[in-house]
Amino acid sequence: MDDLFLQHKELIENPTARVPICLVLDRSGSMSGEPIAELNKGVQLFIQSIRRDDIAAAAAEIAIVSFGDEAPRKELDFGSIERQKVPYLTASGLTPMGAAVNMALDMLELRKKMYQQTGVDYYQPWMVLMTDGAPTDDITQAAERSTQLALARKLTVFPIGIGPHADLSALKQFSPRRDPARLKGLNFSLFFEWLSKSVSAVSQSTPGERIPLPKTGGWDEL
Amino acid sequence: MISEWKAVSAHVMGRSHMKKQLPCQDHTFHITQNDVTAIVLADGAGSCPRSHEGAEIATTHCAYLLTHSFTDMIEKGDRELAQMILSEIKNQFPIDENEKDPVESMKQFASTLLFVAVRDDTYLAGHLGDGLIAYQEGEECKILSYPQNHEFINTTFFTTSLDALEHFQFYRGSVQQIHGFMLMSDGSAESLYSRKDQSLATAVNKMMGWLEKYPTDVVQEALMQNLKSMLREKTMDDCSLAMMKKLRTNEEIV
Chain A
1 MDDLFLQHKE LIENPTARVP ICLVLDRSGS MSGEPIAELN KGVQLFIQSI
51 RRDDIAAAAA EIAIVSFGDE APRKELDFGS IERQKVPYLT ASGLTPMGAA
101 VNMALDMLEL RKKMYQQTGV DYYQPWMVLM TDGAPTDDIT QAAERSTQLA
151 LARKLTVFPI GIGPHADLSA LKQFSPRRDP ARLKGLNFSL FFEWLSKSVS
201 AVSQSTPGER IPLPKTGGWD EL
Chain B
1 MISEWKAVSA HVMGRSHMKK QLPCQDHTFH ITQNDVTAIV LADGAGSCPR
51 SHEGAEIATT HCAYLLTHSF TDMIEKGDRE LAQMILSEIK NQFPIDENEK
101 DPVESMKQFA STLLFVAVRD DTYLAGHLGD GLIAYQEGEE CKILSYPQNH
151 EFINTTFFTT SLDALEHFQF YRGSVQQIHG FMLMSDGSAE SLYSRKDQSL
201 ATAVNKMMGW LEKYPTDVVQ EALMQNLKSM LREKTMDDCS LAMMKKLRTN
251 EEIV
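Read top to bottom, the protein sequences are chains A and B. Using full-length UniProt numbering, the first residue of the first sequence is number 1, and each one after it goes up by one. Using full-length UniProt numbering, the first residue of the second sequence is number 1, and each one after it goes up by one.
Derived from the structure by calculation, the hints contain no laboratory data. Watch out, some of these pointers could steer you wrong.
To be verified - With beta-carbon atoms standing in for the labels, derived distance ranges:
id, chain 1, residue 1, chain 2, residue 2, range
1, A, R177, B, K196, 30 to 40 Å
2, B, I95, A, A71, 31 to 41 Å
3, B, I74, A, R177, 42 to 52 Å
4, A, D138, B, E137, 51 to 61 Å
5, B, K196, A, D3, 20 to 30 Å
What the hints assert, rightly or not - Here are a few chain B residues that sit away from chain A, every Cβ distance over 10 Å (derived from the structure):
id, residue
6, S16
7, C24
8, T32
9, H61
10, Y64
11, D72
12, K76
13, N98
14, Y146
15, E151
16, Q176
17, A222
Glycine residues also receive a C-beta, built at the ideal position from the N, C-alpha and C atoms.
Sequences and hints are given; from them, build the entire structure.
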């Protein structure tokens, strides 16, 4: 009757389904000083929180695109979170938000293709867009791409304004399904803690499940 | 030629539902009646609070239909057959006639649906949603129907989906060369199906062999124990399996 027990070697090891997340972060001149320092701290905390959660760490794949100076910059490409080195962002220059979102969407598309080619299942990608100002480039095309994907439920957008001068109406153009939220003060740490919990919730979801995201814990303004 | 078939099925609550103290949303059913042997499996939709009831209704009523109307069903076209099965299931959902939004209420009972039924030397199989149907030909286990997900892992088709008729897949044929069938939910497929190679684990063949070697009650218990101790450990999801095996034909008996 020993053969009535299955052995591990007789089973398949499938790769964990992934949640690709692209952080699109403002590092324009106006973010100088405390805002960029707090943002950097928040990003560090986000990565650490994910690493501490076994399920989220196996599922989450994070990339970072920053926008400042004249053009967006790929700060961190998708990869295993255990091996990723978190970049330190420095503030300067303009706010090329449209080009940054285009870069982020291109990176997400490429990542999805890689998953498809290697037989890795994946959840709906996330794009977190954070700015303290208004775009200095044309956002029309990027907003249109983002909107189409969000409406087709192929992308979840989290638009976040930082401080009183963040242009929430510009952020809204990228996110037809979720209204922009304004960060309360410089509560980046609370926001990223909430984001890591949300990633954890999604990475444990099953077909047909509506995923209730955790309460914000006070990072947003009412 | 008349075949004799043995069937077993089992479902266990996954680690996620244990943690959240929610019911098991997978349900399985097997039956032999009116010369038809049928195995049926349904996986309730994650966030629908009554999908465990929906899964149970789907399995039992689909099995009832198969054992009572096999001849009629085998001759129907795919769309007509899908309509027949889905109507039978949806008519059983306990929805108040005065419900303000019956379509929305119906969604609470959403589940996937997989089945195989055999009578004489003919089989009929159906598949809506994720999970997988395997069959055994000679000593080899092969895939009859692959998981149907949308682009993303946490999306699939359910009995209550608006496009369910379009996505309900059917298979018909002879069992002369086929010795067994297995249904698995997506939770079990996590351990038994390689998404990269689209191939089956060797465990599938091994489990099919149990029905040949041991009495049904022993296999039933073994299935339950292995779902609990092995398959459930590799996923957060509920796990379920149903399988049937051809023992011998009347020619062999003679």
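B/S16 remote from chain A - nearest C-beta pair above 10 Å: Violated: least Cβ distance 6 Å, not greater than 10 Å.
Range hint 51 to 61 Å (beta carbons of A/D138 and B/E137) holds or violated: Hint holds: Cβ distance 60 Å, inside 51 to 61 Å.
CB-CB spacing for A/D3 and B/K196 relative to the 20 to 30 Å hint: Check passed, 28 Å falls within 20 to 30 Å.
Minimum Cβ distance from B/E151 to chain A greater than 10 Å, as the annotation requires: Answer for B/E151: violated, closest chain A Cβ roughly 7 Å.
Reported absence of B/A222 from the contact zone with chain A (all CB gaps over 10 Å): Non-interface label fails for B/A222: nearest chain A Cβ at 4 Å, not farther than 10 Å.
Cβ distance range 30 to 40 Å for A/R177 and B/K196, holds or violated: 32 Å, holds
10 Å Cβ clearance of B/Y64 from chain A: 25 Å, holds
No chain A beta carbon within 10 Å of B/Y146's: About 12 Å separates B/Y146 from the closest Cβ of chain A, which puts it past 10 Å; holds.
Outcome for the supplied range 42 to 52 Å, where the beta carbon pair is B/I74 and A/R177: 45 Å, holds
Least C-beta distance from B/D72 to chain A larger than 10 Å: B/D72 is indeed farther than 10 Å from all Cβ atoms of chain A, at 31 Å.
Chain A versus B/K76 - minimum CB to CB distance exceeding 10 Å, so not interface: Fine: 28 Å to the nearest Cβ keeps B/K76 off the interface.
Minimum Cβ distance from B/T32 to chain A greater than 10 Å, as the annotation requires: 23 Å, holds
Checked against the numbered hints above, the structure violates hints 2, 6, 15 and 17; every other hint is satisfied.
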